[in-house]
Amino acid sequence: MKDVVVIGGGPSGMAAAVKLAGKGYDVALIERKEELGGILDQCIHDGFGTKIFGKALSGPEFAGHFMDEVSKLGLDVHLNTYVKSVNAGGDVKELVTVSPRGVERIKARSIVYAIGCRERHPFEIKVGGTRPAGVYTAGMVQRLVNLYGILPGRRVLIVGGGDVGMIVARHLYLEGVESITVVFPEEFFVGLPRNVQQCILDFNIPFRPRTVVKEMVGKERVEGAILVKVDENWRPIPGTEEFYPCDTVIFSVGLVPYAKKLRAIGAEIDPRTRGPVVNEFFETTVRGVFAAGNLVQIFDYVDDAVESAYIAADGVEKYLKGEKRLDNPVPFKPGSNVRTLTPHRLEWKDERPVVAFLRPAVEGRAWIIVRGGNGEILKKEFRQYVRPSTLERIEIPREAISGAEEVYVDVARV
Amino acid sequence: MSLESKVRKVLGRFPYEITFEIRDGVVFLDGEVEAYEEWVEIGLAVGNIKGVEGVVNRIKWKDYPEEELRRKEERRRKLYEKNKGRIIGEYDVVIIGGGVTGTAIARELSKYRLKVALLEKATDVSVGASKANNGMIHPGVAPKRGTLKAKLNVRGNAMYDELARDLGVKFKRVGSLWLITPRTLQKYRRYLPGPFYKFVSAYIFPYLVKLKGMLNGVKGIRIIRGEEIWKLEPKATREAWAAVYVPSTGILDPYDLVVALAENAIANGVEIHLETEVVGFIREGETIKGVVTNRGTFLARYVVNAAGVFADEIAELAGSREYTIHPRKGVILLFDKELEGWVNHCVTELRFPAPAHTKGGGINPTVHGNILWGPTAVEVPDKTDTSVHPEEIEEILERYREIYPDFPRHRIIRYFAGVRAPTFTEDFIIRPAKWVKNLLHVAGIQSPGLASAPAIAEYAVEQLRSMGLILEPKPDFNPHREPIPRASEMSLEELDRRIKEDPRWGNIVCTCEMVSEAEIVEAIRRGARTLDAIKRRTRLGMGTCQGGYCTLKAAEILSRELGIPISQVVKENGGRLFNGAVRGEEP
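First to last, the sequence lines map onto chains A and B. The first sequence runs 1 to 414 under the working numbering. The second sequence runs 415 to 1001 under the working numbering.
Simulated from the structure, these hints should not be mistaken for lab results. No experiment lies behind these values; they were computed from the predicted model shown. Check each hint, because a few of them may be wrong.
[Stated by the list, open to error] Derived lysine-lysine pairs resembling DSS-like cross-links, with alpha carbons at most 30 Å apart: (1) B:Lys476 to A:Lys219; (2) A:Lys107 to B:Lys914; (3) B:Lys751 to A:Lys84; (4) A:Lys261 to A:Lys324; (5) B:Lys496 to B:Lys797; (6) A:Lys318 to A:Lys84; (7) B:Lys565 to B:Lys624; (8) A:Lys321 to A:Lys2; (9) A:Lys126 to A:Lys107; (10) A:Lys260 to B:Lys645; (11) B:Lys751 to A:Lys107; (12) B:Lys751 to A:Lys33; (13) A:Lys219 to B:Lys601; (14) B:Lys586 to B:Lys492; (15) B:Lys474 to B:Lys420; (16) B:Lys464 to B:Lys601; (17) A:Lys126 to B:Lys496; (18) A:Lys321 to A:Lys23; (19) A:Lys261 to B:Lys649; (20) A:Lys219 to B:Lys474; (21) B:Lys848 to A:Lys261; (22) A:Lys55 to A:Lys84; (23) B:Lys751 to A:Lys261; (24) A:Lys379 to A:Lys324; (25) A:Lys126 to B:Lys751; (26) B:Lys797 to A:Lys219; (27) A:Lys260 to B:Lys751; (28) A:Lys219 to B:Lys498; (29) A:Lys349 to A:Lys23; (30) B:Lys498 to A:Lys261; (31) B:Lys492 to B:Lys848; (32) A:Lys84 to B:Lys914.
[Said to hold, decoys possible] Derived, one-sided and incomplete: chain B residues facing chain A with beta-carbon distance under 10 Å: (33) Pro429; (34) Thr798; (35) Glu805; (36) Leu909; (37) Trp919; (38) Met928; (39) Gly962; (40) Ser981.
Every residue, glycine too, gets a C-beta built ideally from N, C-alpha and C.
Put together the whole structure using the sequences plus the hints.
So this is what it looks like as structure tokens:
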């Protein structure tokens, strides 16, 4: 019987496992692929670790740090292992795993899910047209180029103005594809300003704001795409259709927590984050089952994802020690200017401040305001600039919210 | 009235100068019209005339793709000249087309001592209409009484239990539920005042539907009302006044069936030649001697034309063009497996008469737990037009909203389109060619073609017998075919045992659908050569993430097993998966 099984060997999973092993717990770490590191192995650009390590590492370097920790601690790592089913109902959780070694059962007192996210695909945004070869998601292309050494095509259209799309655009430019254009429905790129400068502007990569792909064209292989301009509500403007010739279309249209496995064990899912509903230690609605990293919500920085894993590890410790919970959990609710908010409730007694992550629905100078049920302000923090594409992190001292029946977190433009 | 004057009368309704000639019941139309829609309409009007056995529509419309057709012709002619002398073999029967019709006929013929070849121009079987339909095994209520369709549909449906069992194809008789709602007879509302409307809709109309079905030979039809409807379909609209319940409706994966038919036919001696395109025929007088393809010539004693949307072109090449296909596209939306249980039957709302643009389709569960909405029915000039327009997606979402008001419509994971192959007479054409002695047409196989397929095969073989083919049963015919085992469906003990024998069973490549490496390798061993062929055989990439994770893994396995560089791996029909230079191989 393990104290805890961590499912997912990416940065969050490794971080949770390392921290728990450091606390002296018997930990098993399960990874689907043949090696640890998660998606970081394909992220050979830099910018990882600025918060944790104070320097900009590449993805493999960042992952390498935790991989070293895992091997130093001699963790029980199961590679190439697929979790087929989980029975998380009781105090003893049971996992059934499948690997080339066979079917195995693992018992554990608690579980941390850190299985990350998946990329949204063109069908989810209702792109029309045919279904030829030459259509990819950005992550797939990153993998293809960096791990397989293959380019997807020569004339490339990238759909989506977020960080991943920009990074892939730069990469393909440097690899020497013939042409690239980036299109997105917003007025300007939605990723980090740093990426706009370093990935797009520095290389003069053409981009078209307020433009989306209406249809794919091509029978066997992509021959092009029909672009259409959109208004500020992203509605296509009739008559602005235009054929863009290319042999490759890459969709970078968002990430979604891969929550189906959590749903399968009965965990409640937040329709806003599309990840699980969690308390302040990232415990899902299934007792003893925690979530960490991009499975909870999409983080902008791997550093924040790792922090979520550390918090979850603290939660596992509290759970394993059987620490007392509050008699009445305090619900956390997003205000009208907040798109997503975690955690969803306060459930434990503790000293440490509550770390909340929120995604604003507005842009500009703003206050982040924490209110109680009666509207009283519990905490206020100023932000020079908030935007929907940037996840905000705020620490709320426990004493500020003690006694509140509900907590609202909102953003107020200045 | 003679056929000639009937045709003249019908053509008189249109503001164009259309000339025609009639030969053995087949009407040939010539002339010019403005729009493609008119071309269809005129064809259908003539096809509808009693006594017309076929319509060859040679009318041109404004955007008639003259140049493209000329190029196609030219290409065929060149391939013909190049390959007519190269003999590949001699066959009793050559079947053209590897869809459900062709493979079903191949398997039926494999019961006899015959040398049979099936020619398919694509890289896999089942890549035309057979892969892109809703997989419904219709009960046979819908076809017009007395048609070949009605007869073969009812018979085909009844044959499926045994066929699916023999072939190891997942098949479920889920039954269908046709809801009668306040919209059902909307068009007649003004003739049916007040409560009379509801009375006729709920108490008379369903019996007419039932009667129609019974006359076609469909058994077990019931009319249900109130709670009984919601017991069967708890989430269907509370507006329903009544429903016609038809228990014999079934569902299956259409490509699963076609692959199974093909594999079983091969096991019983049929040769299947993929990437083999028919470019012409060698004839001696009124008899076909050989089928010329891009790979060489197949000498044949009998030829079966089961070429789907291209059947009219094959008929023309053979010298017996008796019909024209007017391609009719259908768009289908596919929803996430996690919605399993939302819809248990094939459900649709009866509308009479069917509004033209919302004809056909409904909501279906699949044997794997997904839910399908559609298909639509749109006339398209291009036989290969499988594009889906965003407006069409919205149209489908709108159409069935009323019968499943709370359905999570945003959870679409894919959509696709297929092209049906109707002729203007709109019935199946399964008969010996009129002007070529040893050619059998199996054309116009549109819905319910899948449901009818086993009966079509039987009927087609009977036709071949009547054309002189000698059928000597093969005592060692093996009707059974083992499907590729699925890791996701095995007991843990069995999976463990398999992994101990072959660790590849434990390497799960597609996480959404839990597909193991062993399944992929087995699919390749059985003939899958493309990513999509693997997908159809294993469900790899068919889940929530649509291949975001496993596509590259699968490409890697294909590359390894086929011994080709990964850059040569194909998605389907020649579409290379990656179009760029491999780093280091090109400047």
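Each hint, compared with the structure:
1. Taken as a hint, the B:Lys476 and A:Lys219 pair is honoured in the structure, with Cα atoms around 24 Å apart against an allowance of 30 Å.
2. Of the pairs offered as hints, the one joining A:Lys107 and B:Lys914 holds, with about 22 Å between alpha carbons and a cut-off of 30 Å not exceeded.
3. A threshold of 30 Å between alpha carbons decides the hint, and for B:Lys751 with A:Lys84 the separation of about 16 Å falls inside it, so the pair holds.
4. Among the hinted pairs, A:Lys261 with A:Lys324 is consistent with the structure: their alpha-carbon atoms are about 28 Å apart, no more than 30 Å.
5. A hinted pair counts as satisfied when its Cα atoms are at most 30 Å apart, and B:Lys496 with B:Lys797 qualifies at roughly 26 Å.
6. Pair hint A:Lys318 plus A:Lys84 holds up; C-alpha atoms about 28 Å apart against a cutoff of 30 Å.
7. Proximity of B:Lys565 to B:Lys624 is assessed by CA-CA distance (about 17 Å); at most 30 Å being required, the pair is judged to hold.
8. For the suggested pair A:Lys321 and A:Lys2, the alpha carbons sit about 14 Å apart, so the restraint of at most 30 Å is met.
9. Proposed proximity of A:Lys126 and A:Lys107 is contradicted: the alpha carbons are some 42 Å apart, above 30 Å.
10. Using a Cα cut-off of 30 Å, the hinted pair A:Lys260 and B:Lys645 holds, with the two alpha carbons roughly 28 Å apart.
11. As the CA atoms of B:Lys751 and A:Lys107 are separated by approximately 28 Å, the hinted pair is consistent with the 30 Å bound.
12. Our distance criterion of 30 Å between C-alpha atoms is met by B:Lys751 and A:Lys33, whose separation comes to about 24 Å.
13. Under the criterion of a C-alpha separation no larger than 30 Å, the hint pairing A:Lys219 with B:Lys601 is inconsistent with the structure, at around 41 Å.
14. With a C-alpha separation of about 47 Å, the suggested pair B:Lys586 and B:Lys492 falls outside the 30 Å cut-off, and the hint is violated.
15. Simply put, B:Lys474 and B:Lys420 have alpha-carbon atoms about 22 Å apart, close enough for the 30 Å limit, and the pair holds.
16. Our distance criterion of 30 Å between C-alpha atoms is met by B:Lys464 and B:Lys601, whose separation comes to about 27 Å.
17. As the CA atoms of A:Lys126 and B:Lys496 are separated by approximately 45 Å, the hinted pair breaks the 30 Å bound.
18. Proposed proximity of A:Lys321 and A:Lys23 is supported: the alpha carbons are some 12 Å apart, at most 30 Å.
19. Pair hint A:Lys261 plus B:Lys649 holds up; C-alpha atoms about 25 Å apart against a cutoff of 30 Å.
20. About 25 Å separates the Cα atoms of A:Lys219 and B:Lys474, which keeps this hinted pair within 30 Å; it holds.
21. With a C-alpha separation of about 60 Å, the suggested pairing of B:Lys848 with A:Lys261 is violated against the 30 Å cut-off.
22. The suggested pairing of A:Lys55 with A:Lys84 is violated, with an alpha-carbon distance near 38 Å, which exceeds 30 Å.
23. Restraint check for B:Lys751 and A:Lys261: satisfied, since their Cα atoms lie roughly 13 Å apart, inside the 30 Å limit.
24. As the CA atoms of A:Lys379 and A:Lys324 are separated by approximately 26 Å, the hinted pair is consistent with the 30 Å bound.
25. Under the criterion of a C-alpha separation no larger than 30 Å, the hint pairing A:Lys126 with B:Lys751 is consistent with the structure, at around 18 Å.
26. At most 30 Å may separate the alpha-carbon atoms for a hinted pair to count; B:Lys797 and A:Lys219 meet this at roughly 12 Å.
27. Distance hint between A:Lys260 and B:Lys751 is fulfilled; the C-alpha atoms sit about 10 Å from each other, no more than 30 Å.
28. With a C-alpha separation of about 29 Å, the suggested pair A:Lys219 and B:Lys498 falls inside the 30 Å cut-off, and the hint holds.
29. Note on A:Lys349 and A:Lys23: the hinted pairing holds, with a Cα-Cα distance of about 20 Å set against a maximum of 30 Å.
30. For a cut-off of 30 Å, the pair hint linking B:Lys498 to A:Lys261 is broken: about 58 Å separates their Cα positions.
31. Taking the CA atoms of B:Lys492 and B:Lys848, the gap is near 28 Å; set against the 30 Å cutoff, the hint holds.
32. Restraint check for A:Lys84 and B:Lys914: satisfied, since their Cα atoms lie roughly 17 Å apart, inside the 30 Å limit.
33. Given the 10 Å rule on beta carbons, the hint for B:Pro429 is violated: about 31 Å separates it from the nearest Cβ of chain A.
34. Checking B:Thr798 against chain A: minimum C-beta separation of about 6 Å stays under 10 Å; hint holds.
35. For B:Glu805, the shortest C-beta to C-beta distance to chain A is roughly 8 Å, which falls under 10 Å, so the interface hint holds.
36. Satisfaction of the interface hint for B:Leu909 is found here, the shortest Cβ-Cβ separation to chain A being roughly 5 Å, below the 10 Å cut-off.
37. The restraint placing B:Trp919 at the interface with chain A holds, with a minimum CB-CB distance near 8 Å, inside the 10 Å limit.
38. The interface hint given for B:Met928 holds, since its Cβ lies 7 Å from the closest Cβ of chain A, which is under the 10 Å cut-off.
39. Taking 10 Å as the C-beta contact cut-off toward chain A, the hint placing B:Gly962 at the interface holds, the least distance being around 5 Å.
40. Restraint check, B:Ser981 versus chain A: the minimum CB separation of about 6 Å is within 10 Å; hint holds.
Of the numbered hints stated above, those contradicted by the structure are hints 9, 13, 14, 17, 21, 22, 30 and 33, listed in ascending order.
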